[in-house]
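In case you want the letters, here they are:
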Amino acid sequence: MKTFRIGGIHPHDEKLSAGSSIKVLPIPKEVKVPVSQHIGAPATPIVKVGDVVKTGQLIAQATGFVSANIHSPVSGTVKKIEDFVDGNGYRKPAIIITVQGDEWAEGIDTTTAIRREITLEPAEIIKKVQEMGIVGMGGATFPAHVKLSVPPGKKCEALIINGVECEPYLTSDHRLMLEKGQEVMIGVKILMKALGVGKAYIGIENNKKDAIENLQRLSTNFEGIEVVPLKLKYPQGGEKQLIDACIRRQVPSGKLPIDVGAVVQNVGTVYAIYEAVQKNKPLIERIVCVTGKPLREPSNFLVRIGTPVKELLDATGGLPETAAKVIGGGPMMGRAMVHTDVPVVKGTSGITVMDEKDAKRQPMQNCIRCAKCVSVCPMGLEPYLLSKLSMLNRLEDLRAENVMDCIECGSCSFTCPSSRPLLDYIRLGKGRVGAQLRAEAAAKKAAAEAEKAKAEAEKKETANA
Amino acid sequence: MDVQFILITVCALAATGLIAALILYFVSQKFKVYEDPRIGQVEGVLPGANCGGCGFPGCHGMAEALVKAEDLSKLMCPVGGADCMSKVAAILGKEVTAAAPKVAVVRCNGNCAARPKTANYDGARSCAIAAAHFAGETACSYGCLGCGDCVAACKFDAIKMNPETGLPEVDDEKCVACGACVKACPKNIIELRNKGVKNRRIWVSCVNKDKGAVAMKACKSACIGCGKCAKECPFGAITVENNVAYIDYTKCKMCRKCVAACPTKAIHAINFPPLPAPKPAEQKPADAAPAGQTPLENKPAAPAADAQPTKPQDTKAAE
Chain A
0 MKTFRIGGIH
10 PHDEKLSAGS
20 SIKVLPIPKE
30 VKVPVSQHIG
40 APATPIVKVG
50 DVVKTGQLIA
60 QATGFVSANI
70 HSPVSGTVKK
80 IEDFVDGNGY
90 RKPAIIITVQ
100 GDEWAEGIDT
110 TTAIRREITL
120 EPAEIIKKVQ
130 EMGIVGMGGA
140 TFPAHVKLSV
150 PPGKKCEALI
160 INGVECEPYL
170 TSDHRLMLEK
180 GQEVMIGVKI
190 LMKALGVGKA
200 YIGIENNKKD
210 AIENLQRLST
220 NFEGIEVVPL
230 KLKYPQGGEK
240 QLIDACIRRQ
250 VPSGKLPIDV
260 GAVVQNVGTV
270 YAIYEAVQKN
280 KPLIERIVCV
290 TGKPLREPSN
300 FLVRIGTPVK
310 ELLDATGGLP
320 ETAAKVIGGG
330 PMMGRAMVHT
340 DVPVVKGTSG
350 ITVMDEKDAK
360 RQPMQNCIRC
370 AKCVSVCPMG
380 LEPYLLSKLS
390 MLNRLEDLRA
400 ENVMDCIECG
410 SCSFTCPSSR
420 PLLDYIRLGK
430 GRVGAQLRAE
440 AAAKKAAAEA
450 EKAKAEAEKK
460 ETANA
Chain B
0 MDVQFILITV
10 CALAATGLIA
20 ALILYFVSQK
30 FKVYEDPRIG
40 QVEGVLPGAN
50 CGGCGFPGCH
60 GMAEALVKAE
70 DLSKLMCPVG
80 GADCMSKVAA
90 ILGKEVTAAA
100 PKVAVVRCNG
110 NCAARPKTAN
120 YDGARSCAIA
130 AAHFAGETAC
140 SYGCLGCGDC
150 VAACKFDAIK
160 MNPETGLPEV
170 DDEKCVACGA
180 CVKACPKNII
190 ELRNKGVKNR
200 RIWVSCVNKD
210 KGAVAMKACK
220 SACIGCGKCA
230 KECPFGAITV
240 ENNVAYIDYT
250 KCKMCRKCVA
260 ACPTKAIHAI
270 NFPPLPAPKP
280 AEQKPADAAP
290 AGQTPLENKP
300 AAPAADAQPT
310 KPQDTKAAE
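Chain order of the listed sequences is A and B.
With numbering that gives the first Met the number 0, the residue at position 302 of the first sequence is 301, and numbering never jumps.
With numbering that gives the first Met the number 0, the residue at position 285 of the second sequence is 284, and numbering never jumps.
Hint data in this document are derived by calculation from the structure and do not stem from the laboratory.
Just so it is clear, the structure is predicted and the values come from calculations on it, not from any experiment.
A hint or two may mislead.
[As the list claims (entries may be wrong)] Heads up, simulated DSSO-like pairs for lysine-lysine below, C-alpha to C-alpha not over 30 Å straight-line: (1) B:Lys252 x A:Lys78; (2) B:Lys182 x A:Lys444; (3) A:Lys47 x B:Lys154; (4) A:Lys387 x B:Lys154; (5) A:Lys53 x A:Lys1; (6) A:Lys359 x A:Lys47; (7) A:Lys78 x B:Lys154; (8) A:Lys429 x B:Lys93; (9) A:Lys387 x B:Lys208; (10) A:Lys359 x B:Lys210; (11) A:Lys79 x B:Lys252; (12) A:Lys91 x B:Lys182; (13) A:Lys356 x B:Lys116; (14) A:Lys79 x B:Lys73; (15) A:Lys47 x B:Lys208; (16) A:Lys47 x B:Lys182; (17) B:Lys182 x A:Lys429; (18) B:Lys159 x A:Lys429; (19) B:Lys216 x A:Lys359; (20) A:Lys127 x A:Lys254; (21) B:Lys216 x A:Lys91; (22) A:Lys309 x B:Lys210; (23) A:Lys1 x A:Lys254.
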């Protein structure tokens with residue numbers, strides 16, 4: 000069985016909610032829709048307080064290419080447009096809507112009937128994906144249309160669908176592949192048409208045997224789609240790791256998947272694209288896995304964007320006394336939340352609740368130079384060195400050690416026998432080097448523009464003379 | 000024969016030496032880099048800590064800037080202070096206009112009692128990392144994180160965490176106002192302010208930009224932006240912007256009227272003799288007072304209710 004070649008770890012997968020089918024959560028009384036749910040520029044609200052909105056209506060417009068539209072997940076009245084306290088405690092602007100009924104905007108197909116025939120042309124598909132505000136649903140929330148727009152001079156040779164869900168606990172993609180297999184397959188076909196590729200691979204880890212079987216059975220009806228069962232290993236869901244696992248190509252340092260002819264999309268994104276293209280439905284709801292050992296009933300829910308996390312927890316039997324940490328996302332890459340009155344956003348793939356024993360971080364001890372972190376790093380970096388350089392703020396050295404290649408998977412921190420917060424420090428250094436690189440790029444751009452303006456002025460002068 | 004051989008060798012060597020010396024002399028004349036001899040002298044007077052507190056890369060950079068400068072008032076060695084600057088002025092034959100010495104001031108007084116914890120952080124003990132993860136262990140997203148990046152940044156051992164309050168404290172004597180802690184703080188809490196006569200200083204010890212009610216709920220000693228201090232100030236030194244007051248130390252005349260007017264005791268005055276009327280204004284009692292008193296009186300979070308506890312103080316101050 001295939002897997003990626005460098006590093007990797009084997010945490011317990013703990014897929015507690017794998018057997019629980021997707022339940023539709025009732026629409027809450029009020030939703031908070033943040034205007035920044037994606038990587039890139041925040042969207043600009045186009046509704047006013049007091050406006051009546053319908054489900055699926057555009058309420059915030061994308062600002063620029065790397066940004067995404069936001070649609071109303073409910074029907075009702077805009078109550079406020081103001082800041083709310085996010086899961087990390089910082090304030091962020093959001094559109095707050097009081098729910099009244101559930102009246103959908105016109106032109107959206109809300110039936111469950113499956114439409115297989117793809118009528119749109121590739122350019123129209125990409126435009127539709129952009130219009131409907133689709134972003135990467137695996138958690139990175141990168142606007143999907145950007146990845147689908149292959150830059151000139153480059154060619155996509157293989158489409159890779161990420162059904163790995165290597166993050167422990169989470170099962171939302173697993174349930175999706177099991178229950179909405181047909182739709183996912185059509186979604187893959189749509190993407191293949193948009194990118195003009197003849198071959199697609201769906202990578203699924205071997206702990207989801209039923210999903211592999213389901214999609215393999217369906218793939219006999221869909222030409223060019225291959226289901227690739229993968230050996231269990233974290234972080235297989237990382238873009239670069241998955242490309243290596245499926246088509247044995249390694250993305251060079253500083254390059255993008257498209258440079259080796261691959262485009263990677265998450266299965267959740269594929270399903271959202273199916274709904275956008277075939278049903279004209281914007282991204283207003285998603286599957287969220289609510290899981291954790293202290294919970295009475297770990298479940299998978301289909302929820303509207305903007306629903307408070309509190310209501311999801313209540314639906315699993317409430318947050319128990321023994322819960323010590325609530326994490327937005329999975330235990331490896333997720334972030335602990337300061338409070339639970341936080342809305343579900345496009346990138347919320349799961350909510351993991353941890354008890355005291357699992358949540359506690361051990362005190363940091365000295366590095367014993369065992370190099371375990373080096374052997375597990377899936378990017379072939381030296382985490383002990385990067386974290387030390389970061390502590391000393393030696394940014395030039397960090398850059399030379401390719402800190403920007405770090406995918407922040409946390410394998411190093413997970414494996415460290417001295418419980419050193421390796422990733423925390425690496426992330427800090429990465430942020431600082433990133434800021435330095437951006438400043439350099441901006442200065443270069445400004446200099447080039449100034450030179451261009453100067454040359455043009457000179458040209459004009461000579462023309463006048 | 001032998002003597003002649005030795006003579007030729009000696010002459011040839013001498014001639015080569017002479018030619019080489021001449022070439023070197025002309026080349027050094029042609030490509031001479033003139034360095035003002037005063038730069039070396041000035042550098043000798045500077046402390047040589049190379050801390051970068053003056054804004055130049057080390058003491059040599061500062062010395063070059065000092066020699067080049069027309070007027071010394073804008074340049075100041077925070078480590079050497081006025082003594083050092085007067086020596087520099089003597090070398091350069093210029094007058095030194097003594098720049099007021101500065102000191103680092105911590106603008107957060109949300110101690111453990113005033114700012115209840117809403118979350119626990121057990122990650123890496125670094126403010127920069129904590130700030131990247133989340134807003135802080137309390138509901139105030141502007142306040143001190145308490146991991147001590149400022150303490151680690153200080154090369155002069157002048158800033159220490161007080162385990163009782165969980166806040167950093169600056170040692171007036173040791174602080175040279177190099178600004179390393181200001182740069183290290185991810186929340187921009189630390190500011191360099193005038194040291195003041197006899198180290199007396201008044202400042203708003205809060206940077207919370209939330210609206211009054213929200214700030215009050217998060218921290219009992221937060222500035223709620225009520226503007227009472229600005230109204231009270233006879234010199235127009237206080238401005239309220241984004242729900243937080245700021246005292247301009249160049250305009251402040253240290254009358255301490257604002258200190259009495261502040262309903263949440265967010266304005267701190269230290270190293271003053273006790274006022275005739277209410278309380279001693281030494282640092283520790285001033286810090287402890289809001290924590291001990293306000294919880295009982297200021298329970299309602301609405302800003303309107305905040306006016307109540309201040310009234311008796313106002314009248315006392317007027318007396």
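Is Lys1 of chain A within 30 Å of Lys254 of chain A, Cα to Cα? 23 Å, holds
Would you check the hint for Lys429 of chain A and Lys93 of chain B, treating anything up to 30 Å between C-alpha atoms as holding? Violated. Lys429 of chain A to Lys93 of chain B sits at ~47 Å, over the 30 Å cutoff.
Can you confirm whether the C-alpha distance between Lys387 of chain A and Lys208 of chain B stays at or below 30 Å? 35 Å, violated
Proposed proximity, Lys78 of chain A with Lys252 of chain B (alpha carbon, max 30 Å): 47 Å, violated
Taking only the CA atoms, is the gap from Lys79 of chain A to Lys252 of chain B under or equal to 30 Å? Roughly 44 Å separates the two Cα atoms, so the pair is violated.
Take a quick look at whether Lys309 of chain A and Lys210 of chain B sit within 30 Å of each other, Cα to Cα. With Cα atoms ~25 Å apart, Lys309 of chain A and Lys210 of chain B stay inside 30 Å; holds.
For a C-alpha distance cap of 30 Å, please report whether Lys216 of chain B and Lys359 of chain A respect it. 28 Å, holds
Pairwise hint evaluation, Lys254 of chain A against Lys127 of chain A, where the allowed Cα distance is 30 Å at most: 27 Å, holds
Does Lys154 of chain B lie within 30 Å of Lys78 of chain A when you go C-alpha to C-alpha? With a Cα-Cα distance of about 52 Å, the restraint between Lys78 of chain A and Lys154 of chain B is violated, given a limit of 30 Å.
Check the hint pairing Lys53 of chain A with Lys1 of chain A against an upper bound of 30 Å on the C-alpha distance. 47 Å, violated
30 Å Cα cutoff - pair Lys47 of chain A, Lys208 of chain B: 25 Å, holds
30 Å limit on alpha-carbon distance, applied to hinted pair Lys159 of chain B and Lys429 of chain A: 28 Å, holds
When held up to the earlier numbered hints, the structure conflicts with 1, 3, 5, 6, 7, 8, 9, 10, 11, 14 and 16 and fits the remainder.
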